[in-house]
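Undergrad: Please arrange chain B on chain A, whose structure you already have, making use of the hints.
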Amino acid sequence: MKRVKLNNLFAGARNEAVPDVDVTEQVMKTLNARGADQGNRVQRSLLWFSVASSAAAAALVLLALSFWQQRADSMNDILEVVIWAAQ
Amino acid sequence: MLADAPPRPSAEVFRPVGADAEDVRLSQNGDPEAYRRLVERHQQAVAKIMWRFTRDRLEHEELTHNVFVEAYMSIAGYKHKAPFEHWLARIATRVGYRYWCDKSCDRQADSLGDDAWQRIAGDSEDDRDRQEAAELVRHLLSRLPARDRLVITLRYLQQHDTEQTAYLTGWSKTSVRVRTHRAMKKLQKLAAKANIRLER
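Top line first, the protein sequences correspond to chains A and B.
Under numbering that gives the first Met the number 0, the first sequence has 30 at position 31, and the numbering climbs by one with no breaks.
Under numbering that gives the first Met the number 0, the second sequence has 94 at position 95, and the numbering climbs by one with no breaks.
You may find that some hints are simply not true.
[Unchecked claim] Which chain B residues face chain A? A few, computed with CB under 8 Å, are given here:
1. 35
2. 60
3. 195
[To be verified] Below, computed lysine-lysine pairings styled on DSBU-like, alpha-carbon distance capped at 35 Å:
4. 1/A <-> 192/B
5. 184/B <-> 102/B
6. 185/B <-> 1/A
7. 1/A <-> 80/B
8. 78/B <-> 4/A
9. 192/B <-> 4/A
10. 185/B <-> 28/A
11. 185/B <-> 102/B
12. 102/B <-> 28/A
13. 4/A <-> 172/B
14. 1/A <-> 78/B
15. 192/B <-> 28/A
16. 185/B <-> 172/B
17. 4/A <-> 80/B
18. 172/B <-> 78/B
19. 192/B <-> 172/B
20. 172/B <-> 28/A
21. 184/B <-> 28/A
22. 4/A <-> 188/B
23. 28/A <-> 188/B
24. 102/B <-> 80/B
Since the hints were made in silico from the structure, they are not lab data.
Computed from a predicted model, the values in this text were never measured in an experiment.
Virtual Cβ for every residue (Gly too), placed ideally from N, Cα, C.
Chain A with its partners taken away, still in its complex shape:
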């Protein structure tokens, strides 16, 4: 069985030259794009929120109107009974 010293192998690998990189522009571009996208996302969610709250408000107004109408009808009935009794 042949013997290999792992530490020597690792030592050689450790001293290997690493290629130069310059990712600055690329990173800044990605961050700008993400920032713009995030801004759009915030605007879109605000738009959806306003649509949803308008719909809820409209539904509430309709509900209130029908309730008021129902109550108005019963008031008319009572008034009619009172007038009939007074006559």
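TA: Frame of chain A; chain B shown alone:
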């Protein structure tokens, strides 16, 4: 820089000094120019770490880029508990580990052929140039699962101690010790199959 001063976790709050401190503070307040300066200052050190995870130049550049994008996304959470470059090294380790996990399905293609085993056993250490040694180490470690590969890379290739490895990986010290031991056993077993005895 990073490789010369391995991270040491500290319970005390660390105050980064000089340019880093100011640029980190400005970046946390959303100043892109300050972050640009941080990238310029630390990209070579990060590139050195990422070179352990891939030797493909394009992927290497992409991984280095990803580290800085991920760091920017988390910079608001940087609590000055460690020097900025150590915090960055931790993110780099996470990005590299994730890359290996994603790549693990390709491990078969990366496996070590008889040829490489012969080169490991055949050449004398003096003759072997650094680049070939690095290539052989990559081949050798690519046979291991991502976790084992990471722990061997940090402990033996980057020469971090157990405490530093635990900080970089987020694992406990006991877990690092156990994983290192198991990974070495696996490596020795793999070599034994090719009739090679790996010694430290």
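Undergrad: Hint by hint, which ones does the structure fall short of?
TA: Hints 7, 8, 10, 14, 15, 17, 20, 21, 23 not satisfied by this model.
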